[in-house]
Amino acid sequence: MKIYNTLSGRKEEFAPADGKTVKMYVCGVTPYAPAHVGHAMSYTFFDAVRRYLEFLGYSVVHVQNFTDIDDKIIERAARAEVDPAKLAERYIAEFYDEMDSLNIRRASLYPRATEELPTIVDMIQGLIDKGYAYPANGDVYFRVRKKDGYGSLARRTLEGMLAGARIEPSSHKEHPMDFALWKGAKKGEPEWPSPWGPGRPGWHIECSAMCHHHLGETIDIHGGGQDLIFPHHENEIAQSESYTGAKPFVRFWMHNGLVQLGEEKMSKSLGILVTVKDALQKFSPDALRLFFLSSYYRSPLKFSEESVEAAERGAQRLRSAASIEGQGTGPDLDSDPYRRRFVEAMDDDFNTPQAIAALFDLARQVNRAFDEGRRFDEAQSTLRELAEVLGLTLRGLESGTQADIAPFVDLLVEMRGELRKAKQFELADSIRARLQALGVTVEDTAQGGRWRKG
RNA sequence: GGCGACGUAGCCAAGUGGUAAGGCGGAGGUCUGCAAAACCUCUAUACGGCGGUUCGAUUCCGCCCGUCGCCUCCA
1 MKIYNTLSGR KEEFAPADGK TVKMYVCGVT PYAPAHVGHA MSYTFFDAVR
51 RYLEFLGYSV VHVQNFTDID DKIIERAARA EVDPAKLAER YIAEFYDEMD
101 SLNIRRASLY PRATEELPTI VDMIQGLIDK GYAYPANGDV YFRVRKKDGY
151 GSLARRTLEG MLAGARIEPS SHKEHPMDFA LWKGAKKGEP EWPSPWGPGR
201 PGWHIECSAM CHHHLGETID IHGGGQDLIF PHHENEIAQS ESYTGAKPFV
251 RFWMHNGLVQ LGEEKMSKSL GILVTVKDAL QKFSPDALRL FFLSSYYRSP
301 LKFSEESVEA AERGAQRLRS AASIEGQGTG PDLDSDPYRR RFVEAMDDDF
351 NTPQAIAALF DLARQVNRAF DEGRRFDEAQ STLRELAEVL GLTLRGLESG
401 TQADIAPFVD LLVEMRGELR KAKQFELADS IRARLQALGV TVEDTAQGGR
451 WRKG
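In this note's numbering, the protein residues as written are 1 to 454.
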């Protein structure tokens, strides 16, 4: 299959370095606020990446970090007068819950910055020893000019960056673009001991350290949002390659486009966002996933309720095709052409929009086979299988915490069937309308009434 | 100012050097007591604008307009 590599700017043939196991690292969140749909989109996409790679027969080691110590956490915790670690812990728990709700499979490992201090300190020391970093005034900085090719991921040069003129000069830095590996602690801040004095790790070093610690010197895929390309991923490359001497640090860099709300990027710090929690209250997980995966992952995606509502109706159509019962005896529906289209689309840099198009076409064929009295069990299971590769459950809305209403609704639907037979249509229609008002849709088929929630 | 991305039907959104997937919506039809669902047919003389290359461009190149992102924390 082919994957677009940000580093080369081209689609390249992909296979894991060892031929079997894909080492994949996806940048996680800084848990200081609720997750928004931009996070949901990114992690949904990388979940689909992982599922598809496994579908191809690879095993995938998927590592995703939590940046559980950082300026924002300290700031928020101070304002709320809680312990920074507690604050982070709370948002991490929320994050797990929400990602589970979105049917995003758990990563193989979720390392946290605060649990990687020894690795981080070792790496910083190693960088100092090799001349790539220098302590200054309790901080430690990376010497950007020492790293060949710094800026190549972002396609920038040091000169170009300086032209931005938005860089705050720091008297302790040798070069304005040098970045912190270690930040000396100020009074009252959380701190860890180090050879350079008490402090905490800089933002970029944790990812380098975790990658190295858990996945080795070279990993197959490193993913994240496009907003991480610079400076975060650029700096990761600089740190990791300088430390290990191994090139490349990452074989395939993958970056998803950003979710926009209205005309702007969704952003935690700017407060422009729709939280995952809010979205899940309005829409089914399948609808959100279908919405996310209906556009190519590298393009920006505009979030709008109308678009997700459209996806909700589409999801319902897929669900219904995946769950109809009562196949006939005519010739089998052959789903191979649809499977091929799906695979071909996904092989082309995870072209999920086209893969989804194949799913909709297959769903139509299943419905047709039903109408024509043909067999479709194999096609239907293909539909479910491929949907699952994208992480779509195609399950109906669950009844939630309520006791199971099924026997009672069944009874009403059955009684209504009797009324219809007796041509008591007014009463039958009234039952249907009242069930609808309670959130149960009743449909009449040749085999009698059937119902679903929603 | 520098770097990058994008601009396709009412809306969302793929894609190709030789006249445009899919979804939602809409119109008509089949089925139905009605409705819903499902299925069938239709719904972009053409892909921001202007030039260029080409037998031929929406697809390549240049310029312009518009939108967005990054350059500072950010999936």
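Calculated from the structure, these hints are not laboratory results.
Bear in mind that the values here come from a model prediction, so they are computed numbers and not experimental data.
Don't take every hint at face value.
[What the hints assert, rightly or not] Derived lysine-lysine pairs resembling DSSO-like cross-links, with alpha carbons at most 27 Å apart:
(1) 302 / 282
(2) 72 / 86
(3) 187 / 2
(4) 247 / 72
(5) 186 / 86
(6) 247 / 147
(7) 72 / 2
(8) 187 / 146
(9) 86 / 130
(10) 302 / 130
(11) 187 / 86
(12) 147 / 187
(13) 421 / 11
(14) 130 / 183
(15) 86 / 302
(16) 277 / 146
(17) 453 / 277
(18) 86 / 183
(19) 20 / 2
(20) 453 / 282
(21) 186 / 20
(22) 130 / 147
(23) 302 / 277
(24) 72 / 20
(25) 146 / 130
(26) 11 / 247
(27) 146 / 302
(28) 183 / 302
Verification of the hints:
1. Restraint check: the Cα-Cα separation between residue 302 and residue 282 comes to about 17 Å, which is no more than 27 Å; the hinted pair holds.
2. At roughly 14 Å between alpha-carbon atoms, residue 72 and residue 86 fall within 27 Å of each other, so this suggested pair holds.
3. Straight-line distance between C-alpha atoms of residue 187 and residue 2 comes to about 51 Å, which puts the hinted pair past the 27 Å bound.
4. In summary, the hint linking residue 247 to residue 72 is not supported, as the alpha carbons are separated by about 33 Å, beyond the 27 Å threshold.
5. At roughly 20 Å between alpha-carbon atoms, residue 186 and residue 86 fall within 27 Å of each other, so this suggested pair holds.
6. Only pairs whose Cα atoms come within 27 Å are accepted, and residue 247 paired with residue 147 is accepted, the gap being roughly 12 Å.
7. A hinted pair counts as satisfied when its Cα atoms are at most 27 Å apart, and residue 72 with residue 2 does not qualify at roughly 38 Å.
8. Taking the CA atoms of residue 187 and residue 146, the gap is near 32 Å; set against the 27 Å cutoff, the hint is violated.
9. Between residue 86 and residue 130 the alpha-carbon distance is near 37 Å, which puts this suggested pair outside the 27 Å criterion.
10. About 45 Å separates the Cα atoms of residue 302 and residue 130, which puts this hinted pair outside 27 Å; it is violated.
11. In summary, the hint linking residue 187 to residue 86 is supported, as the alpha carbons are separated by about 19 Å, within the 27 Å threshold.
12. A hinted pair counts as satisfied when its Cα atoms are at most 27 Å apart, and residue 147 with residue 187 does not qualify at roughly 33 Å.
13. For the proposed pair residue 421 and residue 11, the alpha carbon gap of about 62 Å is over 27 Å, so the pair is violated.
14. For the hint linking residue 130 to residue 183, the alpha-carbon distance of about 20 Å falls within 27 Å, and the restraint holds.
15. With a CA separation close to 34 Å, the supplied pair residue 86 and residue 302 exceeds the 27 Å bound.
16. Restraint check for residue 277 and residue 146: the C-alpha separation of about 45 Å exceeds 27 Å, so the hint is violated.
17. Distance restraint check for residue 453 and residue 277: the Cα-Cα separation of roughly 21 Å lies within the 27 Å cut-off, and the hinted pair is therefore satisfied.
18. Simply put, residue 86 and residue 183 have alpha-carbon atoms about 21 Å apart, close enough for the 27 Å limit, and the pair holds.
19. Taking the CA atoms of residue 20 and residue 2, the gap is about 16 Å. The hint holds against a cut of 27 Å.
20. Taking the CA atoms of residue 453 and residue 282, the gap is about 15 Å. The hint holds against a cut of 27 Å.
21. Our distance criterion of 27 Å between C-alpha atoms is broken by residue 186 and residue 20, whose separation comes to about 47 Å.
22. Under the criterion of a C-alpha separation no larger than 27 Å, the hint pairing residue 130 with residue 147 is consistent with the structure, at around 11 Å.
23. Taken as a hint, the residue 302 and residue 277 pair is honoured in the structure, with Cα atoms around 18 Å apart against an allowance of 27 Å.
24. Distance hint between residue 72 and residue 20 is unfulfilled; the C-alpha atoms sit about 39 Å from each other, more than 27 Å.
25. Under the criterion of a C-alpha separation no larger than 27 Å, the hint pairing residue 146 with residue 130 is consistent with the structure, at around 10 Å.
26. Proposed proximity of residue 11 and residue 247 is supported: the alpha carbons are some 20 Å apart, at most 27 Å.
27. Using a Cα cut-off of 27 Å, the hinted pair residue 146 and residue 302 is violated, with the two alpha carbons roughly 40 Å apart.
28. For the suggested pair residue 183 and residue 302, the alpha carbons sit about 37 Å apart, so the restraint of at most 27 Å is broken.
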